[in-house]
Amino acid sequence: MSLRTAQIISLLVTLIGVAVVWQGSNFRGLGNQQGYQPAQPINFSHKVHAGDNQIQCLYCHSSADKSNVAGIPAASTCMNCHTKILKDSPEIQKIVAALAQNKPVEWVKVNDLPDHVAFNHSRHVTAGVKCQLCHGPVETMDRVEQFDALSMGFCVACHRTHREVTLDENGRPTVTKEATPKRLMASTDCSVCHH
Amino acid sequence: MSNGQKLWQIFREQDGKPVDLSAKSPVAGVSRRTFLEVLGYSTAALTLSGCRAPQQKIIPYLKQPVEFTPGVSSWFASVCGGCSASCGVLVKVRDGRPIKLEGNPDHPLSSGGLCALAHGMVFGLYDPERLRQPLIGSRPATWEQIDQEITQKLAAIKQSGGKVRLLTGPTTGPTSLETIQKFLSQFSDAKHITYQPVSTDAIRQAHLRSHGTNAIPSYRFDKARLVISFSADFLGTWISPVQFTRGYAKARSLQNGEREMLRHVQFESRMSLTGSNADTRVKVSPAEETQALIYLAKLVATSNEANGAGGTSALPVAEQLATFEPARLNQKTRTAVERIAKDLMKPQGDGLIVSGSADADVQYLVNFINSAAGNYGNTVDLAASSASNHSSDQDIVELVRQMNAGEIAALIVSGVNPAYDYFDSQSFIHGTQKVPLKVSLNSTLDETSSLADYVCPQSHFLEAWDDVEPARGTFSVNQPTIAPLFQTRAFQESLLRWGGDGRTFYEVLRQSWREKLFPRQKQYTNFDEFWDQTLQKGVFTPESSAIDTPAFKSDGLEQTIARLISISGDTPDGLGLVLYQKVSLRDGQYANNPWLQELPDPITKITWDNYASVSPRYAATTGLEEGRVVRISKGPAWIEVPVHIQPGQHDDVVAIALGYGRTKAGKAGNNVGANAYAFVAFTEGTFRYQTAGIKLEKTSNRIEFAQSQTKDSMEDRPLVRELALADYTKGKGETEEEYGSLWSPHDYPEHKWGMAVDLSACVGCAACVVSCQAENNVPVVGKDEVRRRREMHWIRIDRYFEGDREDPKVFYQPVMCQQCDNASCESVCPVLATVHSSEGLNMQVYNRCVGTRYCENNCPYKVRRFNWFEYPHSDPIANLALNPDVTVRSRGVMEKCTFCVQRIEEVKIRARNEGRAINDNEIQPACQQSCPANAIIFGDLTDVKSRVAQLKKSGRNYTLLDELNERPPTSYLAKVRNSEEV
Amino acid sequence: MPNIESAKRFTAAFFEREEDLIAGAAEARLAGFEVYDVYTPYPVHGMDRAVALPPSRLTWIALLAGALGLVFGLTLQVWTSAYDWPLNVGGKPFNSFPLFIPVTFELTVLFSGLIAIGVLFARNRMWLFSKRRVFERVTDDRFVLVLKQSDASFDIDKAQRLFSRHHAIDVVEGDQFV
Amino acid sequence: MAVSVREVGRVEINETGQQTASFEIAHPVYSKLRSPLILGHKSYADVTRDICQLLDPKPGRGWWISFSVSLVLLVIGVVAAVHTVTTGIGTWGLNKTVGWAFGITNFVFWIGIGHAGTFISAILFLFNQKWRTSVNRSAEAMTLIAVMCAGLFPIIHMGRPWLFYWVLPYPNTRGTLWVNFRSPLLWDFFAISTYFTISAVFWYLGLVPDLATARDRTKSKLRQTLYRAMSLGWNGSNRTWSRYETVYTVLAALATPLVLSVHSIVSFDFATSLIPGWHSTIFPPYFVAGAVFSGFAMVMTLMILVRKLMHLEDYITAQHLENMCKVALLTGSIVGLAYVTEIFIGVYSGNPNEIFVIINRGLGPYAWAYWIMFSCNALVPQLFWFKKLRTSIPAIFTLSILINVGMWFERFVIIVTSLHRDFLPSSWAMYTPTITEVGLLVGSFGLFFTAFLIFLRLFPVISINEVKGVLGYAKH
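Residue numbers (the working numbering), protein chains in the order written: chain E, 3 to 197; chain C, 9 to 990; chain G, 29 to 206; chain B, 2 to 477.
Same shape as in the complex, but just chain E:
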């Protein structure tokens, strides 16, 4: 092994080291479900409902502004419209059947936080945080996928900038306004989410 090779190797090592430190915060750890896009029992399209037909998120996810969970609409909610619209489509028939057999639809959970995280939808919704901030451009998704890593880093990215956060054209969160008054800050106390 010559001096040359030794130099090359040591150079590589250094580069890798730098890369690790630089990119470390983007590594994908266990439980990172980003891009998770499971098949659902009913082929429901958010694009059609939230996108094309402009139905408000809260119409179906009605507890998002009251509870820690956003809530999945009851089958009855679907039938509010679908008794008239597309009542014959096979997908709708599934819901009809579910109601008939008194057997609720078992949706597959897409955005699933670890059990040691207590996330409260209502606080974020009432604080004016857009759903898309975490869930991404759902109104463009035919089948919903997990838009962001939803890692702790993702959460504190907003919480640590005590400012209002909005989305840029790519639907990426961006810090816009100046710092809001101190007492309205998003807290970074561990116990806000971990208890």
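Just so you know, the hints here were simulated from the structure itself, not pulled from any lab data. For every residue, glycine included, the Cβ atom is placed at its ideal position computed from N, Cα and C. Any given hint might turn out to be false.
[Said to hold, decoys possible] For lysine to any residue, the following SDA-like pairs were computed, each having C-alpha atoms within a straight-line distance of at most 25 Å:
#1 G:K186 to G:D198
#2 B:K43 to G:F157
#3 C:K65 to E:T142
#4 C:K719 to B:I360
#5 C:K760 to C:N264
#6 G:K159 to B:R224
#7 C:K65 to E:P139
#8 C:K760 to G:W113
#9 C:K100 to E:A66
#10 C:K71 to E:A102
#11 E:K68 to C:A919
#12 G:K159 to B:M231
#13 C:K71 to E:Q103
#14 E:K132 to C:R924
#15 C:K71 to E:I87
#16 C:K231 to C:N264
#17 C:K760 to G:F122
#18 E:K68 to C:V101
#19 C:K760 to E:R162
#20 E:K68 to C:K231
#21 C:K719 to B:I276
#22 C:K65 to E:A102
[Stated by the list, open to error] FRET-style restraints, in silico, Cβ to Cβ:
#23 E:T7 to B:L223: 20 to 26 Å
#24 C:P73 to E:I87: 21 to 27 Å
#25 C:R918 to E:G37: 33 to 39 Å
Given the structure of chain E, go ahead and fit chains C, G and B onto it with the hints provided.
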């Protein structure tokens, strides 16, 4: 009912209640614990990359109920079914699961307090060992079968006119009683027998004699200024402990600048929770106790006030008493009695004498003194007499006789377990064999149920409708907060079925309320409105037509006194046995509840066991050591229990707790301790819990107690600080020394949570411990682990004995995490798993903790608890009791009190969503909420007007271990004893 | 130092005693020979002077490395604890400087030591399986003096005489040192 | 030995026109007073042979017996460790009051042992103590192994050891949540890893020339490849030597404060906390002295075994052992002084908690441990005042073992007696070790001896080149 899933099905069908698995319900997919596990093994898992968390399902409603939001807790006012005291409770229901009981502040009796037992009830609901369907013999059966067979057999009895007996515990609900009567009325010879293993029947009988009313008065400790208790454990287990503790604490409170307080004198032979709180505790043997009482009666009867006061019929017995000489009493006791006799008579009516004695004669004498002192109508209230704890010892004895004589055709048992706790259980068991039809309505296959032909498990009180009238004129409805988990039904339902009544008990209940109670109020014209209001308020008190107290009847008093004098004189000294109940297990009905089993006894700090308490001197003279197993016997009755050396106990007395030694309680309760009921005697129409002349022999075995505290003394350290009322009123008090700091403290812009613990109020009842356990998913570790000093309770109550071990002063000190500003635990954690919040909380992040236990070592208060093992959370039913707002901790992480941060966050979020500030007292940690004595006050220190901030200004305020300069926002208010000096 | 490639022919003398070696080397140098290098089984003190080897500059490198470690350690701690994400730990100030000293010290030593030795290895071309000519028994009990025959003017007899005067037991000539 | 060359710049041209330079060599002056360090009038070749021949031949019975014994111990330890990690720390005797006991005791004990090696090689090197040459190699090896043993315990004793890497300040997906640089445990982590790295490097550097020697002698192909790889093409060139010595000195200079820092920092685990009996400013010097004390005791034990096992009596002479005894005597007396000072200060402070700890140690339930510690560490070393004992091998052997026992108990006493009765009597508790913990202690010794025996077979036990350097010492 095999798995959790089915259970939810039932749920859905019956109630249309939610099945929201997205909430952190342990039955859904990955529980918190499993997740932490996964997280834990992440290093391993990372290598097999791309592995995902298991797929989780969300199951929404079919039809959205309007009043209900998933993930938001709703509260229902109801009644605690733990004992017949029937305290008012609020049931916290989350996603269809009742997960917590809390005191109902609007309830006139318990007024927001709750006892340890009540907090354990939630666990009872999800006890996996409850019967899940009716049984015929031991075979599972359907209700149809059961109803059919039983109705047939009852019909036959109706023809033959055989005796039918319904044996229940004390029942206060008007509708329930009505149902029972209606059911029994169909038989020619039927009787409802109420039975209590530990009864207060003597009081009832005494009042029958003294006032001609068949009642147990309600004692108004809140009105009393002087309480004289003859071994009545009214703070622990006697009649209605929560109500009494509330009143007692109220009358002793110094939190609002009061300058005087109730004075409490206790005469007792063993060290009871109540006695340990007394201002003056006089240690007497049972025989001396009786003499002391007679002596008091003498002084009262012969005092001028009594005669001057007229009204009382003191005079007839005055002469008889005048001749009495309390030969047994030592000087100390005499002076104590003389002193209280003086105070008792002036001013009239604010004294209160209570006695725990099961001797009707003694109680009669007590009534005499109370009436002579003019306490009736003031501190002793017959008008609102207590309906709870009504039972007749005579009746069950008679029943057992008849059973053995083969006279009973049908025996229906509901909610009682005589096969275990009847003093002569053998003859009861033997008797049952002669009863053709034995039906048990108990909810578990306990000692009695296993003897029955038919077991028709009744629902848990959280699953059923009921009504109660614990005190005359105080009505509550007990509403179900969850559909029955199993195929069970309320015992009233069963009786209705068998009585051929087609209605549901709910209908019966509404109807009887419409007919009986609705008319007794004017506020509402519409019954439904009245009904809803009552349900929401949790209590209904009609305008009572005032009943004036009947006059004291002294006929027979002389014989009584004569007898008492003779027995108290004759009974030989020598070893006597005193049987008592523990605050945790009471009569043993809930022995299968591990929360209660693991609750350290307030006095001995021993868990998972009962034992024979003896005095230090007795132990020394007979060479007994702690834990030495002894055989105690009297006649045929014998028991083998370990010895516990109890400071402050009388030398001639051995005390053993009842309620242990269950054989068919369940996994947790079986064979814990030994059954002492065999020592109960039935004399003069009442069960007696004291016997003289027992034999005590050492055995060769010795055991180690599972004890949460082994050191009794404070080692002369100023841990619990004490003031005499005299000094306190003179303004003497603590002056907190301010220690300097090397650096400027951090600022707490928004809130600064703080707590004050009033040691003067705290009676050490340990309700907070179980409340905390229920709220924070604190695991149960079992006897061996407690033995290894690894119990997990987040709040503990330190108990210290000071002074002469034969007659010590007792101190209680609840210790939870003090949330120190300069927390020594935080700076040593290498991974920042415990840091300080911007609101002054000492946060503990379970998922960050790697378990070095350095914080535990460095915590001077030793309040941190480590998960030594993976504590079991495998049972899907038991897991339903878990609080979804609190992470279930995995093996290897540290945990501790967080001031119930989940509650703080909940209220903060609510307030912010509503855009308002948080009100003082809006946030209550579990310990504060349930404290019957209001000893714990929590609040925001940045708000100078908050109650806690005010209390910290008090002269009694001090910081535990302040010399360490940990600067905790938690502080203590010094204990004040109502005496001249400490 | 002479670069290895240019050394074409060499003369090596083997000695048994370090005194002979030192004397031989020193004299050879003064006599105008170009001492290529000296090979010994253990570090012979005074050798550097005998062949006029300048003192090593590695000490300075170690010093700089240490300084680097110090700065790195201190920055890391102050930045992470006081600027990047300040947390209230036990009520202590965000920048708890005194508590940062131990780690700073350790990092200083670590950097200094590792870098120094790294440079040493690089400078001496020491790495795994690095191959270099090793003289017979030089790692045992022989002392070897190697003269470079850089040009024709090299007087082999004179060298021979010089060697034998210092009791050299053997003299070899060779091509292509490396 | 020093040879100084004095030049007389005299260059003359003789008749033949040839240049001749003449000068004299000042020969070194050897002391007649010093006794030789190495016995048996060894030549360079003898030294090489003596040391290297220990490597090639198949190991003897003595080695195999001791190896299999220590291997068994090691297996016991592994079982205990696996049991602990899979079942939980609950398998230990700890409780809510005593959070540390055996685990940390072993940790501090082994770290202490790990101090002698670097002390000998670095500090004695700087003080130019020639006698170190025949012991430093194995002493350093011992250090490394001991530090390995020590390093295992903080990891095993964690509740979730698989997450130990969380103490590293690396960028992560938690918004980069860093670590707590205020925690002595973190200091430990840095101190120990640094200490291990530097010691390893230092040891290896000293090893390189000897590996070259071994490379040039060994017959076995395998060994040859190994030594070739590790000797980094060493050829004894003087340029290499001169840089080598510079760096060696630099490392020695760095290692010296490092040795002192490591145990000071370990002592901070206790000193910076507020537990009475821990919270004490005397700890750093007291711990360092203790560490060197125990370290030397262990070196003596090992050296006595080694010289017997490998017939190195000529190299590791009574003189070496006597010198080490003297060091042990010094450090032991410092430790004894520390004990007394602790008692004095504890009582003098007037702090009731401190006073209580002193009493509780001497008379409490763990008094037996305290008195074992006191007699073994404060009294036993005093015997080294007698030259008879300093020079009798069996005596040294027994005493050194006693000292090791004592030093283990010192850590046990400090940790357990301080914890089990602290501020609130309500939480007072007793600690009794479980079989698992004992297994771990035994296992750590197993690891220690297994590794050391392997070292004996693999590397020159004595620094060949350094010994050659001192052969002339006291020669005439």
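Against the structure shown, which of the earlier numbered hints fail to hold, in ascending order? 2 and 20
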